[in-house]
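There are 4 protein chains.
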Amino acid sequence: MIIYNFKNDYSEGAHPNILQALNASNYYQEEGYGEDNYCNLAKKSIFEIIQSKNSDVHFVSGGTQANLIVISSLLKPYESVIAAASGHIAVHETGAIEATGHKINTVQTKNGKLYPKDIEAQVAYHSDEHMVKPGMVYISNSTELGTVYTKKELEDLSGICKKYGLYLFMDGARLASALTSPAGDLKFPDFARLTDVFYIGGTKNGALLGEAIVINHPDLQKNFRFAMKQRGALLAKGRIFGIQFVELFKNDLFYQLAHHANAMAMKLAKGLRKAGYDFLTEPVSNQIFPVLPNSLIEKLSKKFGFYVWAPFDESRSSIRLVTSWATKEEMVDKFIEELNNLA
Amino acid sequence: MIIYNFKNDYSEGAHPNILQALNASNYYQEEGYGEDNYCNLAKKSIFEIIQSKNSDVHFVSGGTQANLIVISSLLKPYESVIAAASGHIAVHETGAIEATGHKINTVQTKNGKLYPKDIEAQVAYHSDEHMVKPGMVYISNSTELGTVYTKKELEDLSGICKKYGLYLFMDGARLASALTSPAGDLKFPDFARLTDVFYIGGTKNGALLGEAIVINHPDLQKNFRFAMKQRGALLAKGRIFGIQFVELFKNDLFYQLAHHANAMAMKLAKGLRKAGYDFLTEPVSNQIFPVLPNSLIEKLSKKFGFYVWAPFDESRSSIRLVTSWATKEEMVDKFIEELNNLA
Amino acid sequence: MIIYNFKNDYSEGAHPNILQALNASNYYQEEGYGEDNYCNLAKKSIFEIIQSKNSDVHFVSGGTQANLIVISSLLKPYESVIAAASGHIAVHETGAIEATGHKINTVQTKNGKLYPKDIEAQVAYHSDEHMVKPGMVYISNSTELGTVYTKKELEDLSGICKKYGLYLFMDGARLASALTSPAGDLKFPDFARLTDVFYIGGTKNGALLGEAIVINHPDLQKNFRFAMKQRGALLAKGRIFGIQFVELFKNDLFYQLAHHANAMAMKLAKGLRKAGYDFLTEPVSNQIFPVLPNSLIEKLSKKFGFYVWAPFDESRSSIRLVTSWATKEEMVDKFIEELNNLA
Amino acid sequence: MIIYNFKNDYSEGAHPNILQALNASNYYQEEGYGEDNYCNLAKKSIFEIIQSKNSDVHFVSGGTQANLIVISSLLKPYESVIAAASGHIAVHETGAIEATGHKINTVQTKNGKLYPKDIEAQVAYHSDEHMVKPGMVYISNSTELGTVYTKKELEDLSGICKKYGLYLFMDGARLASALTSPAGDLKFPDFARLTDVFYIGGTKNGALLGEAIVINHPDLQKNFRFAMKQRGALLAKGRIFGIQFVELFKNDLFYQLAHHANAMAMKLAKGLRKAGYDFLTEPVSNQIFPVLPNSLIEKLSKKFGFYVWAPFDESRSSIRLVTSWATKEEMVDKFIEELNNLA
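Chains as they are written, first to last, in the numbering used here: chain A, 51 to 393; chain B, 51 to 393; chain C, 51 to 393; chain D, 51 to 393.
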């Protein structure tokens, strides 16, 4: 029997403040499709937090939806997007980007991050009209391998993108975890300054659903709601996005939830390391990838939910453990205890 | 100052039972992406209600999303969908269907409904490979003009579709209102029997968000989740659909909410008729379209929220009044009172 | 037995000058994909003829290909193109435009032509982000009904398009016939001045295949070859376009061929009128639409090839007669003779 | 000054027999859009050559067009196509396949060929609805690296495709060269037996333009002309395809032209080998890839046209030499002579 689930950061519902806010606002008549007072309030909060009055904010229901709308809105038909081969759009979105007509130029990486040299190589390779023309760089922060970008790294990427006329788009499904990571030094205003578009993930940080797309580049803001409607992303009761993000950005709840998630992951990592195990990538956010003997993985999997990520060598594999705002510390302790018992 | 809003059926939040259920279920760890226990329970409820074990059910967040996924999944690239010119997909979805590559063949109608002769004319017109090939018929029930299909009408449509090898897809954003309309005689099992696919609207009948797509034709069921994921419709916390539809189909809540909406619309209609006004289409569901003098419309619009639908003649226009599960009867009375005062 | 075919203007091969030029150039090694010396020469000829050095010219193999590349290159994903309901893109291209993601907003017309009021009505109708946003106006000249635009009409259209920020695109599959029509007063430089993009049809005026797309608006010229390649329109031996258009624009051959086609159509029209028949639209180009008794049509169809266009009243229909550079005058005489015999 | 061009196999026009046939047929009135007598004759020739009466044949103007129509017709929206990373569709078609909505799953190869283990790995990797579902395998024969498949290899591939329910599609832009390669043992009937669809390249084997798509799988034949029209591939004067393929398959011209191209490539290869140079891939068809010192490449490039393919090591690169039906033997001799002089 499974004692506890470390499979993902969306196994539970929403933070209770959010449910309470849904209740409290329930009977007010509001405009539909995201033009309500709650969405306006939430946007105001975000403008303050990112310290950018000239950005635009829109709410959508999930990460794949955010990615496909942003990318298809920004690129011309023959333009492509450069991404890590491990990037969410390249692997786990069922070809959503290609379904809007665009090729993804993938780059093999060790840690899920892109560097200026990767961009330069892609730009150099795509030399004429018989090939697609890279028009955008897509990064995730934190990445699909749990790593986070530093300010220096993001500045360098932003610089190379500007040099080659590429838009920089940051997938922030797990941005909260990156912002509160011990390895990170980036703040919200940096994202507004260094990216053309990014989104702030709500679903994986305590919301029922909802990602806030922030468009910094003024040329990209026009008519974005047309693009959203066309892809089925304008919800009739769009208020639910506003209500939730207002709560998330009230009294630092957004950061507190992510801090808890990261703290639980760090505790897991510490226990694993103490037990003698290493990691596929440095554990710095709410997704960690310990490398364990296959025999131990099999035993653990009977007590805890998690994904086996990839074979490491003949006898070992990496697994993915994910924590969230809702992760119970006692269950983290229990995991380490069982780890030591079963080894 | 606006006293009350009859603009739409999504101005408020959700029925309190739904909010309560979200609370009660909040801390249970569930599978993501619609594979949780609540979605399974909701599907079971729907199978019972439609009396069809061989149908498949999937939940998505809104009507445009449902329409674009269903239509793009079912049609071959060169196939088109036949719809009323007033159909939601033809007018109010920002080209969502065309964005998936498919033409809509529109038919002018008086009441928003399609009839076998309309289908036959479209099939006859599209004669060779220089034209698209109609592959599906799209209807809305209730329609965008508030009308509803009778069992005889739906049987006839279903028959003509089978005759010509066309899929029949019914948009049920306001199916609850159609099912409880005084003018309707269709029941849930009829939809399972007579359509290839239909969806049951939740958003406009008391849910926060959510439409249940029911796929009856076995050939169309395969790999539908791939199509959903590709269009950004698989929500990480898909449980929120299951939780809501379980509530809606518990103790006939679904019908009760629609009954109330219809009753409020009928009361409005009665008052309007008594005051001497006629309607663009017969008022039989929660959307009614009275024809009023433009001068009166202007006065009313300062007190109540509603859309002016279309000019009727030089001095009159039709307006759209929409009621919902949340409409307050006192506000209906108030509207009629003001109508008589202002006239 | 069919004596002669008036079904279309592409029943024969190419003008002999073109075949001769293909022969003469056959063994010269040239660059591929339209970057050869012949294409460069042909472009130079076109620049001179249209008196516009700032235009760009590209060659593609057919009209549908030209239309789909131009429209999908110019529009943003949520933008639509306004066209006559009889427009080629709206009816006879198997949804090619929708297959690139764009809706066509159709306008009912009597003569296949669009007027400023049509454009204004479409712009007014599309009021918010729940509907597509018109981004372009598509016209054909000559139209699918054989009519041609006057300079005044095109200037007015161009003006209204500029007013509303719409691109004006002219399908010139039969531009040669329009340019040499007795009802027309437009010249090549007018097209460069008044449209954003137009194309010069070769296929229907003596070439084996080939349409020359002329892009006048400088913003639309960038990276057009990427769009062409992506849609499969860059031919390896692109030289065949250059070779043909060089010939067409040598010694006024282009005009001579169209003059002949029009003269043959006018002779047919004169004979038909003399025999007492009227026309669906005024016969002014190489497509004419006489209205004939159904019984006569049946008899004629056993001797000549042509399309029955549409029922006119209970006993009469319009037919389409098309002439070309290759139409034999004796066969025109024969047709009128038989018309009189069979009536 | 460039003496001669080995850049590609489409630098010249067409074989003289083809030009002669265009002349001879020029004034016959024929049906448009590929329904003419010449196309019918050409299809008959192909049915005989491939010994398959149940196949279907369609003509299009180029390889990218063939690839995008076939792939988008066969796959469901969420399905992907597996291809070598060096495959034409993956690199040199400006994202044409993605523009129709489909992802390409690429496999790194040494020689441009796919093997059953590659297919199995891709099928195993794509495990659920969060990823695309491979639906087709795309191979080129000869490949983009000049290699050819053996009968055993194609049978194995065909077997693995059937096992996993994948369509097998062979790009035959240079099929003639593969069929006449000293390293090949495949015949036309093998392609009809072992692939679901393949195409026979005309452009690179003596035609002006034209590829013959052969659809063997009966389920894939229906309505293919709709797909062609929608992508702009039905040429009004489709007769030019028929006329050309009739000539190519008359008196073994098709084979003779390819034999000549291969012989010229083998002569080049022999000279290069004798001069002490090796090859990136074994030279067996009309594209060969010798590895030469960069200094020599620079000198050669002033006398002959060719592409530098890729760096091999610090001081050497591979170049691509392509021969064709029109390659002059004296120029091959000249190349080897200069090679020895300049070394």
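For the record, the hints were derived by calculation from the structure and aren't laboratory data. Honestly, I wouldn't trust all of these hints.
Each pair may be met inside one copy or between any two copies, as identical chains are not told apart.
[As the list claims (entries may be wrong)] Below 25 angstroms or equal to it, Euclidean Cα-Cα: the simulated SDA-like pairs (lysine to any residue) are: (1) Lys103 - Pro361; (2) Lys317 - Glu80; (3) Lys103 - Phe362; (4) Lys126 - Arg275.
Here is what the structure says about each hint:
no., hint, result
1, Lys103 - Pro361, "neither (47 angstroms within a copy, 41 angstroms between copies)"
2, Lys317 - Glu80, "between (44 angstroms within a copy, 23 angstroms between copies)"
3, Lys103 - Phe362, "neither (47 angstroms within a copy, 44 angstroms between copies)"
4, Lys126 - Arg275, "both (18 angstroms within a copy, 13 angstroms between copies)"
Against the hints set out earlier in the document, violations occur for numbers 1, 3.
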